[in-house]
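> Chains as they are written, first to last, in the working numbering: chain R, 1 to 257; chain W, 258 to 813.
By construction, these hints were calculated from the structure, which means they are not laboratory data. Relax, there's no trap hidden among the hints.
Simulated pairs of lysine-lysine, PhoX-like, Cα-Cα distance not exceeding 25 Å:
1) W:Lys-779 / W:Lys-751
2) R:Lys-205 / R:Lys-71
3) R:Lys-240 / W:Lys-437
4) W:Lys-639 / R:Lys-71
5) W:Lys-585 / W:Lys-639
6) W:Lys-639 / R:Lys-206
7) R:Lys-178 / R:Lys-111
8) R:Lys-56 / W:Lys-613
9) R:Lys-205 / W:Lys-639
10) R:Lys-211 / R:Lys-86
11) R:Lys-250 / W:Lys-437
12) R:Lys-204 / W:Lys-639
13) R:Lys-202 / R:Lys-56
14) W:Lys-639 / R:Lys-202
15) R:Lys-154 / W:Lys-613
16) W:Lys-437 / R:Lys-236
17) W:Lys-639 / R:Lys-35
18) R:Lys-154 / R:Lys-176
19) R:Lys-111 / R:Lys-219
Among chain R residues calculated to face chain W with C-beta under 7 Å, some are:
20) Asp-15
21) Ala-17
22) Ser-37
23) Thr-78
24) Tyr-194
25) Ala-195
26) Ser-196
27) Leu-197
28) Glu-242
29) Asp-243
A few chain W residues that face chain R, going by a derived Cβ cut-off under 7 Å, partial list only:
30) Ala-354
31) Glu-355
32) Ser-356
33) Pro-615
34) Leu-644
35) Met-648
36) Gly-656
37) Val-657
38) Gln-660
39) Asp-661
40) Gln-662
Backbone N, C-alpha and C fix where the C-beta goes; we use that ideal spot for every residue, glycine too.
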Amino acid sequence: MSGLRILVPVKRVIDYAVKPRVNRAQTAVETASVKHSMNPFDELSIEEAVRLRERKLPVEEIVAFTAGPPKAQDILRTAMAMGADKGIHVQLDEKDASQQLEPLGVAKLLKKVVQEQKSNLVILGKQSIDDDAGQTGQMLAGLLDWPQATQASKVDIEGDVVTVTREVDGGVETLKTKLPMVITTDLRLNEPRYASLPNIMKAKKKPLEKKTLRDYEEKFGARLKTIKVTEPPPRKGGVKVEDVDGMISKLKELGAL
Amino acid sequence: MATSFRFAASLRRASQSPRPAPCLSRFRSTVQVRWTGSTSATSEPHQPVEKGIGKGGAAPAKVIKFTSEAYPELQRNSRFAKLTQEHVDYFQNLLGAESAIIDGLSKDASEDIEPFNSDWMRKYRGHAQLVLKPQSTDEVSKILKYCNDNLLAVVPQGGNTGLVGGSVPVFDEIVINLQKMNNIRSFDEVSGILVADAGVILEVADNFLAERRHIFPLDLGAKGSCQIGGNVATNAGGLRLLRYGSLHGNVLGIEVVLPDGTIVDDLSKLRKNNTGYDIKQLFIGGEGTIGIITGISILCPQRSPAINVAYFGLESYEKCQEAFKEAKNQLSEILSAFELMDGRTQKLINRATGKKLPLEGEHPFFCLIETSGSNTDHDNEKLQSFLEHVMETSIVSDGVLAQDQTQIQELWSCREGIPECLGHWGGVYKYDLSLPISDMYDLVNDVRDRLMKAGLVGDEDFHPVVDVVGYGHMGDANLHLNVPTRRYDKEVEKQLEPFVYEWVQMKNGSISAEHGLGIAKKPFIGYSRSDTMIRLMKQIKDLYDPNGIMNPYKYI
Numbered sequence: 001m002s003g004l005r006i007l008v009p010v011k012r013v014i015d016y017a018v019k020p021r022v023n024r025a026q027t028a029v030e031t032a033s034v035k036h037s038m039n040p041f042d043e044l045s046i047e048e049a050v051r052l053r054e055r056k057l058p059v060e061e062i063v064a065f066t067a068g069p070p071k072a073q074d075i076l077r078t079a080m081a082m083g084a085d086k087g088i089h090v091q092l093d094e095k096d097a098s099q100q101l102e103p104l105g106v107a108k109l110l111k112k113v114v115q116e117q118k119s120n121l122v123i124l125g126k127q128s129i130d131d132d133a134g135q136t137g138q139m140l141a142g143l144l145d146w147p148q149a150t151q152a153s154k155v156d157i158e159g160d161v162v163t164v165t166r167e168v169d170g171g172v173e174t175l176k177t178k179l180p181m182v183i184t185t186d187l188r189l190n191e192p193r194y195a196s197l198p199n200i201m202k203a204k205k206k207p208l209e210k211k212t213l214r215d216y217e218e219k220f221g222a223r224l225k226t227i228k229v230t231e232p233p234p235r236k237g238g239v240k241v242e243d244v245d246g247m248i249s250k251l252k253e254l255g256a257l
Numbered sequence: 258m259a260t261s262f263r264f265a266a267s268l269r270r271a272s273q274s275p276r277p278a279p280c281l282s283r284f285r286s287t288v289q290v291r292w293t294g295s296t297s298a299t300s301e302p303h304q305p306v307e308k309g310i311g312k313g314g315a316a317p318a319k320v321i322k323f324t325s326e327a328y329p330e331l332q333r334n335s336r337f338a339k340l341t342q343e344h345v346d347y348f349q350n351l352l353g354a355e356s357a358i359i360d361g362l363s364k365d366a367s368e369d370i371e372p373f374n375s376d377w378m379r380k381y382r383g384h385a386q387l388v389l390k391p392q393s394t395d396e397v398s399k400i401l402k403y404c405n406d407n408l409l410a411v412v413p414q415g416g417n418t419g420l421v422g423g424s425v426p427v428f429d430e431i432v433i434n435l436q437k438m439n440n441i442r443s444f445d446e447v448s449g450i451l452v453a454d455a456g457v458i459l460e461v462a463d464n465f466l467a468e469r470r471h472i473f474p475l476d477l478g479a480k481g482s483c484q485i486g487g488n489v490a491t492n493a494g495g496l497r498l499l500r501y502g503s504l505h506g507n508v509l510g511i512e513v514v515l516p517d518g519t520i521v522d523d524l525s526k527l528r529k530n531n532t533g534y535d536i537k538q539l540f541i542g543g544e545g546t547i548g549i550i551t552g553i554s555i556l557c558p559q560r561s562p563a564i565n566v567a568y569f570g571l572e573s574y575e576k577c578q579e580a581f582k583e584a585k586n587q588l589s590e591i592l593s594a595f596e597l598m599d600g601r602t603q604k605l606i607n608r609a610t611g612k613k614l615p616l617e618g619e620h621p622f623f624c625l626i627e628t629s630g631s632n633t634d635h636d637n638e639k640l641q642s643f644l645e646h647v648m649e650t651s652i653v654s655d656g657v658l659a660q661d662q663t664q665i666q667e668l669w670s671c672r673e674g675i676p677e678c679l680g681h682w683g684g685v686y687k688y689d690l691s692l693p694i695s696d697m698y699d700l701v702n703d704v705r706d707r708l709m710k711a712g713l714v715g716d717e718d719f720h721p722v723v724d725v726v727g728y729g730h731m732g733d734a735n736l737h738l739n740v741p742t743r744r745y746d747k748e749v750e751k752q753l754e755p756f757v758y759e760w761v762q763m764k765n766g767s768i769s770a771e772h773g774l775g776i777a778k779k780p781f782i783g784y785s786r787s788d789t790m791i792r793l794m795k796q797i798k799d800l801y802d803p804n805g806i807m808n809p810y811k812y813i
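Generate coordinates for the entire structure from the input sequences, incorporating the hints supplied.
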């Protein structure tokens, strides 16, 4: 069989340990001066690609791809420190409405990249934790007319036959198909590694291509408009009671007794 | 465990679930969280009720020995009155609410009192029959006056997370617990000065400040349980000392009640005040022997939005020192922590929890570096050039840099999780020492050799000692020498003491850098303080507490 050419799209999102806050105008989540990092599902994708190589599978190249603001470069460097061979950064101007990407736009863009890079396996996170759309992988598979296995918890490749295990309600489901294909990752797939210092240094020397949307002839613009973003209602505080009698009378008051 | 939580965390975010975090015992908000929420990654003291962390192996005995039995040389001071029903009635009347008093005299309340009688290390246990939980400074004043007049001995108690048995009674002293005094009184966003009751939990104070972009200048593993009054009374050091300095500098004022009931209101909010003796300093680190702190005013710095954490493996202690020198040199003002851990501690964490370590391969030493600053780009640039330098010059053999908040927490858990993991086999002999930085680790080697020679260390059940390990705040020249054991054993004690103390004395170190004296270190103060110093201290004790009712049998 031919070698594996793996494309791993990654996204820079607000760090998942940071509590997101809605901006004053209630149009979006506040992103300025908030810690960002790689979408955790994408970390799993990179890790899986690197592990395929470590399992001595004929991995020719692992390409990490991102579309985002200039800062998104940081996560490409992280991806390369984890083991990707090169990075492609499509720089987006966040203020330009025609550059606002929705899942379909991303999928169209990825299709172009797949063709350009001659990828035969795309591993992506099943969703990004900021938009929670969970659509890109499926749309990409549709556009490419490739088989797809979503929410993978285990991936085995032998020759050009791929076996993917996915967790479903109350059990697991095992799928089998042939390359080329699209896989989306789920939490139990693996445990992403730390970026080690020597690899961080090496990653600095790995190639990083910079592009813009204009390099890909296609319409990517957004079709949806966000009307309003609101936080969930705050949790009501509890009441302290002095003693058992106090608690009982309070419960009676609330009609619980 | 840590990893499953990590996934759970991302999953939770992914589904935007409004449910509270599955964090078992604590609630954490927003940024700068170091707690990974798994049982495997906590640190230092927990709630006193959370005893017996041993999972399999030699679990600790169910019952803690009474301090009075373990140390028969301690005798109850017969001058102190015995608790009577009349006393209890007085307090009941004074405090009113039933929940403010645990009365073990007129009824059997041993189960309720137990957590107040014993420490989290399971080393000390007293016979107190009465616990009082005053709600105001005024109540504390009335309690102390009554106790002083009636010669009732007392033990002031905060979160009871101390490591030297200072916050639990020895005999039948009355426990005065400040948990009900937990209001934040004021915070000035311009000056950064916080005024709060003594019973406010450190983490609560820090979260309160985090919302206002400030930070409590003290951080330690027990933050979820310990109280700021207790922190001040014991002059706790912790993880941020390197950056923000000691409480002696940050505490601007205190409110304290003297044994005779006098309320000393010195809640100064001034940074400068050169008018007379600085009396408050006597109470900072006074361990409740001359008064009870009921409120503090403290200077809190601006919280740094940009935090980075790196974790290194190094081949020798000399390399650790070089790395520290370089870190000070190149990271200068953004360096906020430089922690040392020997390879043995990291292996024990792995053995106790099964947690995967961040670095593959064995290294005799590990260091954790934290930087915090106001500008991510600026910090990154500095950190990158520092990391490149230490890698290229082979000062460090390997290392990782946290890429996100969760990795920051996981790396911190390799340091903060040590104390709890060491308790896994039963008990730990803990020494908290200040030493010249160049000789710091020699002590660990010397003690290990000594115990090896005595045939006390090994993997078999009949060996009392599991290992001899060292870790600590390299930045503050503060070593934690720990001897995890399967049981507390007199033979081990004989080998350790006074050997350790003599060693420290020889190097002009301190036998207690940040843990205090309590009951554990009281007999050994002479190794670090001259007779003259001890005499002066005793004069102060006699001056403020002539009847000696405050936290007796401890300190000096």
